[in-house]
Structure formats: structure tokens, C-alpha cells
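K.L.:
Using the sequences plus the hints, can you model the full thing?
The listed protein sequences derive, respectively, from chains B and H.
According to the numbering used here, the first sequence is numbered sequentially starting from 1.
According to the numbering used here, the second sequence is numbered sequentially starting from 1.
Since the hints were made in silico from the structure, they are not lab data.
Hints are not guaranteed to be accurate.
Identical chains share a label here; the pair holds if one copy fits it or two copies do between them.
In silico BS3-like cross-links for lysine-lysine, where the CA-CA straight-line distance does not exceed 30 Å [unchecked claim]:
{"hint": "1", "residue 1": "Lys601", "residue 2": "Lys639"}
{"hint": "2", "residue 1": "Lys601", "residue 2": "Lys55"}
{"hint": "3", "residue 1": "Lys70", "residue 2": "Lys199"}
{"hint": "4", "residue 1": "Lys466", "residue 2": "Lys430"}
{"hint": "5", "residue 1": "Lys34", "residue 2": "Lys679"}
{"hint": "6", "residue 1": "Lys467", "residue 2": "Lys430"}
{"hint": "7", "residue 1": "Lys275", "residue 2": "Lys376"}
{"hint": "8", "residue 1": "Lys466", "residue 2": "Lys376"}
{"hint": "9", "residue 1": "Lys430", "residue 2": "Lys547"}
{"hint": "10", "residue 1": "Lys376", "residue 2": "Lys70"}
{"hint": "11", "residue 1": "Lys430", "residue 2": "Lys472"}
Note that the coordinates shown come from a computational prediction; the quantities given were computed from them, not determined experimentally.
Protein chains: 2
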Amino acid sequence: MLTQRLLILLVTFITSINVINAQAKKTTVNSPDKNIILSFWINEAGTPMYACTYKTKDVILPSGMGFTIKENFSKTFLPSLRFNLAVIKTEQQSVDEKWQPVWGEVKEIRDNYNQLTVHLTQTNSTPVLMDIVFKVFNDGVGFRYEFPQQKNLNHFTIADEYTEFHLTGNHKAFWIPGDYDSNEFNPETTNLSEVDASKSLAYNQINARAFFDSNAVQTPLMLKSSDGLYINIHEAALVNYPAMNLHLDKTSYTLSSRLVPDAIGNKAYLQAPAKTPWRTIIVSDKATDIIASKLILNLNEPSVIKDPSWIKPQKFIGVWWEMHVGKSSWDRASGKHAANTANVKKYIDFAAKYGFSGVLVEGWNVGWEDWFGQWKENVFDFVTPYPDFDVKELHRYAAEKGVKMIMHHETSSSVTNYERQMDTAYRFMKENGYDAVKTGYVGKIIPRGEYHDGQWMVNHYVRVAKKTADYKIMLDAHEAVRPTGLSRTYPNWMACEAARGMEFNAWSTGNNPDHETIFPFTRFMGGPMDYTPGIFELKMVHWDSTKANNFVHTTLAKQLALYVTICSPMQMAADLPESYESRLDAFQFIRDVAVDWDDSKYLEAEPGDYITVARKAKGTNKWFIGAITDENKRSTTIKLDFLDANKKYLATIYADAKDAHWKDNPQPYEITTQVVTSKSQLKLQLAPGGGCAISLFPIE
Amino acid sequence: MLTQRLLILLVTFITSINVINAQAKKTTVNSPDKNIILSFWINEAGTPMYACTYKTKDVILPSGMGFTIKENFSKTFLPSLRFNLAVIKTEQQSVDEKWQPVWGEVKEIRDNYNQLTVHLTQTNSTPVLMDIVFKVFNDGVGFRYEFPQQKNLNHFTIADEYTEFHLTGNHKAFWIPGDYDSNEFNPETTNLSEVDASKSLAYNQINARAFFDSNAVQTPLMLKSSDGLYINIHEAALVNYPAMNLHLDKTSYTLSSRLVPDAIGNKAYLQAPAKTPWRTIIVSDKATDIIASKLILNLNEPSVIKDPSWIKPQKFIGVWWEMHVGKSSWDRASGKHAANTANVKKYIDFAAKYGFSGVLVEGWNVGWEDWFGQWKENVFDFVTPYPDFDVKELHRYAAEKGVKMIMHHETSSSVTNYERQMDTAYRFMKENGYDAVKTGYVGKIIPRGEYHDGQWMVNHYVRVAKKTADYKIMLDAHEAVRPTGLSRTYPNWMACEAARGMEFNAWSTGNNPDHETIFPFTRFMGGPMDYTPGIFELKMVHWDSTKANNFVHTTLAKQLALYVTICSPMQMAADLPESYESRLDAFQFIRDVAVDWDDSKYLEAEPGDYITVARKAKGTNKWFIGAITDENKRSTTIKLDFLDANKKYLATIYADAKDAHWKDNPQPYEITTQVVTSKSQLKLQLAPGGGCAISLFPIE
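P.N.:
Spelled out as C-alpha cells, the structure:
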């Protein structure tokens, strides 16, 4: 209705005023390597349009851009920022810089792009100004909208954003259903024509979710075209704005932005000068280029933390998986409370013995008897431990053993309650020796009516990142909005969950065997995930006779490989100490593997099928290789030409045993060693649902 | 629709199960003096019903009670708590106690009532239990719903409350329009049949308001029946529940509860055991009994503050009215910033010289350039003064002069922002010598979609009262929900605004001349108001030549009388120091008058027409009398028989001059003195819109 009204208005305008910009006059900008060409123009309706190609192939066909905006306080719509726009001027510039992340996959990142800035104006008598900025990299395009400080626009409401991604056809898609609250869905692999977000709802055990459209998917959306292009659509630097879902028009294969609304249906409240997140299109004819891309990090602002010396990438263990498997419980009423002083000391002992720097404890604070699924506002207070959890004594004990405790703050999505207590909670943490916090947002959001991925919550997550930084606390946020590269700006924001984690294997239908081969192309595009790998006791029936149908959908060797295929500066060894102590040979890989890297080589990858990656541990000459496959077995030969030419390395290969299989026989593994050089090749055999992990230590 | 379904269900039930309670079997309970009879029964639909009489006259005809409730997390309705209920048992008890308020109108309050508790059950197979508790006092009835701890009900949502007040006819009503956000309306006086809440919207300059129904009014609602009954309907102890508006059915003159919804339309989220606020019906054949009633205070819980010695009733002045009259500004961009160190020192000097204990300063903290009407979340931080406001120096200066500073916290209704900072803000206050805070909630609420009077905000106001108490800070809340007697429980919660304050006279159509004769019967029923009386310079054109149409709608003498007719432990002398220094004779009354009382005598009153009250200052033998009238002049003779029989008193009478008139000639006053005893009578002459103030000091 609105659109029709605006079109009518538009016709009036076009006949009555002088549109500044010649229609269909295109401005183009190339990537530095000239492979990508981005075009921008204003069409006959006054709509900003763009398109892009990669090596002459169309990636995005002509696609519209723009907004409807309102006044904040009334419901009055302002003139459209979607139609009837004209170009005032355009500017171009080229940038080629390098920067060093605090932690990550590589020591140094090149930021190299050509930029086009388009200054637009409405063509009415009190025109609003809007800029669109495109950055064209060798591996894709990022663009955002900017609202400069101006006379005719101060506070305003984004009613809708109309950014389109008009695809060339019925691509293969790796998708999860559009949703305002959750991203913990099993990813689907279908052609676009088969996307059905309503179908996915049926078989996912997800507590809070907000379905809104059968034809909607979330980003990062991974696509593969029939002409061999790998395309990834996401966003970067999501700050003070809602997350973007994508609506799919199956007649034209056009994706268009669907911003997560607030409690009353508005999308964002902005004040000029303001800017949206970057909309990103990463493209290549090689799948490995997609997962190696640093485009999203490059589109984020530099770190605001001047001295990051207190930020310490780390492996940790924790009182957590034993609750998921049913051995113990978060609450005390159950009579099997895990977070008791004696049990935690066992974990501290284990961490100290095997070289883990952190011990996470969940269920330490009172309130777990009535925390779940009731939209209750006053749940946890973050400073009141259960009486059997001795904070002071554990602080003393951990310090004596050289181990740091990691605190858990389950907000139960009562975010108003958490915000009231954040300062108190973080002070309590520091007083008791905690330098890292795992936050949780299980359940429906309070303020009621808000969603996990709306503007208000996006601002909350960033607020937590800033405030934890103020207290020199590292942050690992679970059930938060999926990341968009903000760990560059807030490098204490070590990891997020924001996807279907390992724990679903413990009590649900589990994660598909191709799960870990998809999400480096989807969820991980925005940043590290705390996926909690390292499960050795793969069948839950080991812990609980009622859990015959619950098991981890990988082999044990694949669990090891995940420490390399997944990049995160906070990696958990998630299984119980006893699971490791009975398999110390395999556990050695987890002890050895790094979590921060000087270099990463994506040797081979195909979304949904396999990934093989080699990474060089930060500040060392040690390499680690992880190779994983989906439900199909796989054999592959990898060249070690990334090794130093003049060195010998001892390769320790943690492989699936010959008869291993994710479903029927996941446990067996074989560990072999051999001496290799940069000229060596390794033939790897991966079981169905299996993997292979390799450490390569230089021989002095 | 729902109702129809439930009725059908009900019929099925009634025929199939054994309803415990004989229909129409009434239980009655009398007031201690037997004047009021309250009846309760279950009607043929299984609906709880009540009625009450006063001296054999009907007050409330048979009226329904009950709820629809839902599960919190889904939208599933649970079986109705409005139909199909049965009585398990009833209990009665009598109470006659006394208690001493920390401050107030009288030294001691008698709490004397007969109580009926009705234990109800649903008549299905998994019945929910609900109790209704009635307390019948000599001056009215209070009742509330209680949800005991029970097997079949834990967390639940109130979808609607159906409490009815079926009146006997087309009473005269003193009402303001139903609204979710504001109570700053000019009160209307009409018969019920003429209530039109939509009409009132047109002529009120109110920033945030949420109209929902033309036939809705707010409480406290004051009624006068044609057979001479004064009836007041309100609520007591509003905690963890939304405020109640009243829908008026003009065919039957039935009022029914309309709870303020939250952002998604729910009314309240409760967990058993839970209880609603008390619904109150105060009734008498004497108007003075209504305003003298302590029923609402009696229905509140005793004070939670064990040592209230730090709570100090006080008169204060402040940097405030000079902004409203246009002399200066809250913000600095205007170039006439009032809250500068030099100006504040003048106020401190004035306070010290004339014996005021507090100085309020508004506009002291940065952010006033862009705080208003844009639904902006990050506005004020409550710890960052403007550079021309020297917090430390003013702390030193005020302490030297023996004056306490009062801080202003304008939240601009960005409550999430305020809640994040409350601890920090209150610490900052205490560090800088502030013991009292005036909070403000101008504008639409954030969390967006919430209303000023919904459950979430009600909880916020109480949270502020508790937290300020933790910091030993006295609280004066503006634009908050109207009070319901909670100052008994939190006696640091000295005052609220929650009505159309004095400042509307400075820049709007103003307050009607009968305003102050109505709101002791409406707004004040719940507790003290910071109405900011004491305006001597009544015509705004004195300050600003453009304000020819803005003036205070009273005489000067009435401004003095308000210090007695209005009872509040925090009373402002709101005008500018210069306004007082040029009329020091009249100002003497403000200097003399008390703010805390051992006794109060309501000598005469008629809502909307006049009020005369005498009060005895706490811990002294000094009396003060205030008499006010509406737009009509008035002469009245009052007996001083409340004075000590054996004492002489010097009466100083601050009266309207002969030709005074609220509109044309408001300023002239006459001050006379005479010696009086308890046998004296005083003849008072009140001008149209006028008043008279009298101090009675014992002659030793």
C-alpha cells in the first residue's frame, strides 16, 4: 500500500521537478585486481541501483537500495529514501594498508580496496541527504548507507530498509531460517527454490525463536551458482542497528533486507550523522577464498583497546558438559549440583596438570531452580553463589595452581536485570580473580517485545563488550546476535556462540554430520565461535541410559580436527576430565594445539562437504592441520609446501581408524608419526563424518 | 468471542461436576461501625460478585470480579478465573491496631477493619486456586486478589482483569481521561454520562500520552451521588502490577478495570504466590471524610526502613521556576543557562537566610540541548555537570551555609539508560552531599512500547524507591505513576508529581481555578504531591513580554493556603528569590508553615468548590489553617475549637484583599493579626479563585 502511494507521489514529482541526475548514468568502480566491477546508478524511479560482476560473470543483477523513514515520536512517514533520489556528486579513492589483529588467523591483514562514495539527495523542497559508500575489494564488495549531519534530518526512525541482492539464478544455498531470536538451527542445503523456513522449525529444539516468513533466511548466507561462483552475503560492523534477515523472492531470486523489528515494529532509531552496518558480498570461484576472506574484518573499525596485553587467547575446560550429558545439574534442587567446591577443584587440578589456563563454571550462582522459559525478570544476581560454591576458596585454590576461573553470567535474556547489575557483577568478578566471562541469553528477551537480534539488543551486546573491556574482562557471548567482525574493534570480545553448538548433540536430534563443513562458510564469516569441541565420549548413553538416541555426530578424530578448522581465541576442551584421562594419547593434540595464529592456509574446501586447513601457531614454527568431511568418507592428499623449506618436522597424525564411522563407530582413532619436509605429501583417509588432525613440530 | 466460548464451556461443566458452592449464597461483612455492609457471592455463571452499602444506601451494585490468564511463554489461555469458580471456604477476622507514620498528616493512624477472605477454586480437573480478601473499614472497602502457592499455577500472565464497580446512577464525577502514559490533565467535572476522554486530549499540552478509550477515566476517581454519597475509587499498594484505568459503561454506569498493557499487550507477569494491589472504595456522606481517610495507607505494608532518622521533611527552593517562566534555560546552548555556580550560590544564600533546608537545581548535567521528545536512549549520564556548574565548590559552599543540595535526575523516560546508571548516580550524589533526588520521566518510555503506568515501570519506580533508600536518599518522583500509599512502606519516597503541576500555568492554558479544590479528592488520595506552590509573581508577562496569556490561576493568598491544603513532606517555595524578597510579609507564612503534622482537621470541603483544613505542626503547639475556593468567591466562618482550651494564640491571617480576583487582580493580599482561643470563630472572605492562610502560634 505504502509503496503504491509512494509511486504515485513519485510520478507527480518526476513531472514537476528537475531531477538532477541523468537516469541510467552508471558509475563503476573496480576491485584492485580488476576482477570485480561494481556499478551504481539511479533508475527512472529515482531508486539507487547497484550491480556487480566477478571475472565478467554476473554476481548481483541490478538491485535496488533505500529506506522508508519516519519521525521518531509521531508515526508520520517522511518522504521516501527509496524513490525520487538524485546524485549530487560521487567521489572515489583507493586504499592499500596493513594492520595487525590482536589475535586471529594471521599475523597481518591487508586492507586493499577502491571506494566509491555517492552523495544523494531527495528531490523535494526540504531534501534529506544520504550517502552510499561502496568498498570494492579483490574478494568482494561492502557498502553502507550514511546519513550526514544536515539541516533536514536529525532524529529519525528506520521504518524499513530495501537493500536488494538480485541473484542470477536458483543457486545452491546453505541457509538457516530467517528468525528474529535464534540462529541455533541445523543448516539446510537446498537450491533457493526449495527454501522453506517454516519447515525447519519443526525439528529444532530451540527455546526462543521468532519465525516471521517462510521465504526468509539469515546471513551469513552461503551460495554457489551453477556457473561456479561462491557467493557469501552478510554484514559487517553491526552497531546501533538491527540484524538483517533476507527475504527471498523465488520468482526473481532476489534477496531483500528484512531488519529485525523492535517491540512496536520499528527497525532502528537513528540520529544524523549516522551510518548503517556494511552489507557484504564476498565472491570467488574458489571456495577457500571465501573462508580466507578478511573483508568483514576490514570493514570494521580498528581496536579501541589501546593496550591489549591483558587479552589472552586461551584453551579452557569447564563444569558444563557434565550437565548437558545428564550426569549433574546447574541447580541444587536436583541433588546433583555440579558447581560445588570439591568438583570445581578437580577441574582446577586437571587444568593445572594438563596446561589449560581457564576453568569455566556454570551453575555457580543461585537461581537455577526457576530460571528457564518463564520470561521472568528477576532471576540471577551474579554475585550470590550457591552455598556449596566457595568463591573465595576457589579463588585462592585456582591462583595457587596458576589457573584462572571463567565466570558464567546466564542472563536468561532478562537483559534489563543484567544491565542493572553489570557494574556490580564485573566488580565482583575482578575481586575474585575472574578475567573472562561467558554470557548467556537463553529465552525470550526482557524488555518484552524486543528480539535477540533487534537494535536494542545489538546495542546491549556492544555495551557489554565495552564495559567488560573497561574492567579488562574477556567476553564469550552465547545466544547473542551472530558476529559481524566487531572483534576487531573490541578484541576482548573473544568469541560468540550464535549458532547451533555442540550441546545440541547431547540432548536433541543433534547436529548434522556436515554441520562443521558448512558453518565456516556461514556463521564463522563474522568471527570466532565457542563451539566447544573435543568431545571424546561420543555416545551419551555412556552417561545416561535414557540417552540411547543422543550422540555426537562426528568421529573422535574429527573432534580433534575441529580445533584447527574452527578458529577461536577461546577454545574449550569440552568433555569431562575422565574422558580425557582415559585417552591421553588423543588428548595430547588438544594440549598441543594453538588458539592464536601467525598464518592460516586454506588447502581445500567445499561448503557442506569438506575443509582442510593448516595454521601456524603464533610466535612459533609449529603448524597444525585440520581436515574434516561430511557424512561421506574422503581421501585426500595434501602438500606441505607451506612449511619452511629447510626444516624437518615431526608430524603426528591423529586419524580415524579404518572402520570408524560417525554413527556406528565414532570412537576409534589411530595415531602415527612421521618426519616430513616442505616437499612431503600426506595422504589422509577420513571416515564418514570423520576428520584428521595433524601437529607438525620442527625438529631442532 | 472468548467470553462466549467460556460460557459454553461453563454450561458443560456445571452440568457435569459438583459445584461446591450454592449459587447466590451470600457472605456479608460489616464495617466496625456497621455503616458499611459488604456482600460476596458466586453467581449462576460461577463469577465472583460483590456489592456494598453505606448506611443502607447502595454504593456498589452487584459487580463481577476475576481474570483471564495465560501461560507466560506461549499465548495459550488458561481456564478462566472469571467464570466457573466455586468457594472452598471463607474466613473472617477483625483487626484494630494503631501505627505511627514516619511523617504525614497525623501522628498516629488507626487501622480498624473486618476482613473476609474467600478461597476460590476453578471447577475443572486441574483447578487453579484464587483468594479474594476484603477489608471493610468504617470509611470504605479494600479488596484484592491473591494467588496462593499451588500445584496448578506457577508463572502466569494476567491477560485481563475484570473488576467491576457497578454504580447506582449517573453520578457527578471528577475525572481525568484514561491514559497509559500521563496524568497531567486538567480535571473535568461532569456527570458520568458526559465523560468523554477523547475531548480532553485537545486542550492539554502533554508530551507523552496514550489515549485508548473515550469512555475511560483514571483513578483516583471522585464521585458524588444524587442521594448525597461521596465515593472515591482508587487502588492501594500498586507493586508488580500495572495501574488500573476504569472503563465506563454509560448504559449501566458500571466501571470496569482496564489495566495498562505492556509492549505486547499483556498486563502483568506474575508468579504464585502473588497478589494484586488493593481496589479501594472510600465512601461517606461527608466530603471531609474522604480526604481525611487513611484507608489507602492502612492497606499498604508497614515501613521497610528500620531507622528512618535520616528522612527529613523539608521545605526547599530551587533553580526551576525561572526556567518555566522563560527567564533562563536548562540547556547551555540558549546562552541563559540557569544552573551556573554563581546563580546557584544566590539560591543557597537565600535558603540559608530564610531557613530553607534544600536547594534543588535542574539543568546541572550535560545533555539538555537534545533531550526532549525524540525517544533518544542515551541522553543524560547523571554524573557529568555542565562546565559552569561546579559540583565540588557548591557542595562546599552549601555545607558552609548549612543547606543541602537536591539533585535532579531527568531520565527523559529513557529508563533503561537510568537503570544502568542508578548506582553510579546515587554514589555520585552521596559523595557530593546530596540527600534527596527529584526524578523526572518526561516523554515516551524506553523500553519502547512500555507505558509510564505499566507493570514494568511500576516496578521501576519501586526499585528507585528501594535503591534510594539503600543510599539514604529521599525521593520526589515526577511524571511517575500516581501514588497508591506506598510512602508508608518506603517513607523516603516523600512525594510524587503524577498530576498537572503548577508549571502548566507558566506556559500552557494553565490549571483551572478549581484545580486545587479537586485534587485532594483525586490525586492526593494516594499520597503527597510536589505541586510547587508559593508563586507570588502570578503573571508570566512580568518575566516575558510574550507570555501575556500565561498566568497562575489563583490569587496570591491562595498560593499561601496551598501549603496547608496540600500535604507533602517536601514542599517547594517555587518562585524566584526576588519575588519573595519584594513581599517578605506574605513570605513569612511560607517560612513559618510546617510540612509534617501531628494532627489535621478537615473543617469543611466540597470537591471542586472549597476546602478548609487546620493542621498542627509536628512536635509543637502551632496550628496552620488553609482555606481555598474555586472560581467563586466565598465567605465562611470557622470555629477554632480544635485549639487547646486553656491557651491563647496569635492568629496571623493572610487573606485576599477585598478586590482580589484570580484572573484580573490576583496579587493583592491583606495580613492581619488577632489573639484567639478555642472559643473563637474566624470569618474568612475568599476572593474568586482565592484563599486564606492562617498561622496560630500559642502565646506563652
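K.L.:
If a hint holds in the structure, say so; if it doesn't, say that too.
P.N.:
Hints, verified against the model:
In this assembly of identical chains, Lys601 and Lys639 lie within 30 Å of each other by CA distance solely inside one copy; the values are 11 Å within and 99 Å between copies. Within a single copy, Lys601 and Lys55 get their C-alpha atoms as close as 24 Å, which meets the 30 Å cut-off; across copies the closest is 92 Å, which misses it. For the identical chains of this complex, Lys70 and Lys199 are inter-copy neighbours only, at 27 Å across copies versus 35 Å inside a copy, given an alpha-carbon limit of 30 Å. Taking identical chains as interchangeable, the C-alpha atoms of Lys466 and Lys430 lie at most 30 Å apart whether they share a chain (16 Å) or sit on different chains (27 Å).
Proximity of Lys34 and Lys679 under a CA criterion of 30 Å is satisfied in neither setting, with 34 Å inside one chain copy and 105 Å between copies. When the C-alpha separation of Lys467 and Lys430 is checked against a cutoff of 30 Å, the pair qualifies both within a copy, at 13 Å, and between copies, at 24 Å. In this homomeric assembly, Lys275 and Lys376 come within 30 Å of each other (Cα to Cα) only across copies, at 16 Å, whereas the closest approach inside a single copy is 35 Å. Taking CA atoms no more than 30 Å apart as the test, Lys466 paired with Lys376 passes in both settings, with 26 Å inside one copy and 20 Å between copies.
When the C-alpha separation of Lys430 and Lys547 is checked against a cutoff of 30 Å, the pair qualifies neither within a copy, at 39 Å, nor between copies, at 57 Å. When the C-alpha separation of Lys376 and Lys70 is checked against a cutoff of 30 Å, the pair qualifies only between copies, where the shortest distance is 14 Å, while the shortest distance within a copy is 33 Å. Taking the closest pair of Cα atoms, Lys430 and Lys472 come within 30 Å of each other both inside a single copy (9 Å) and across two copies (27 Å).
Hint check: violations occur at hints 5, 9; the rest are consistent with the structure.
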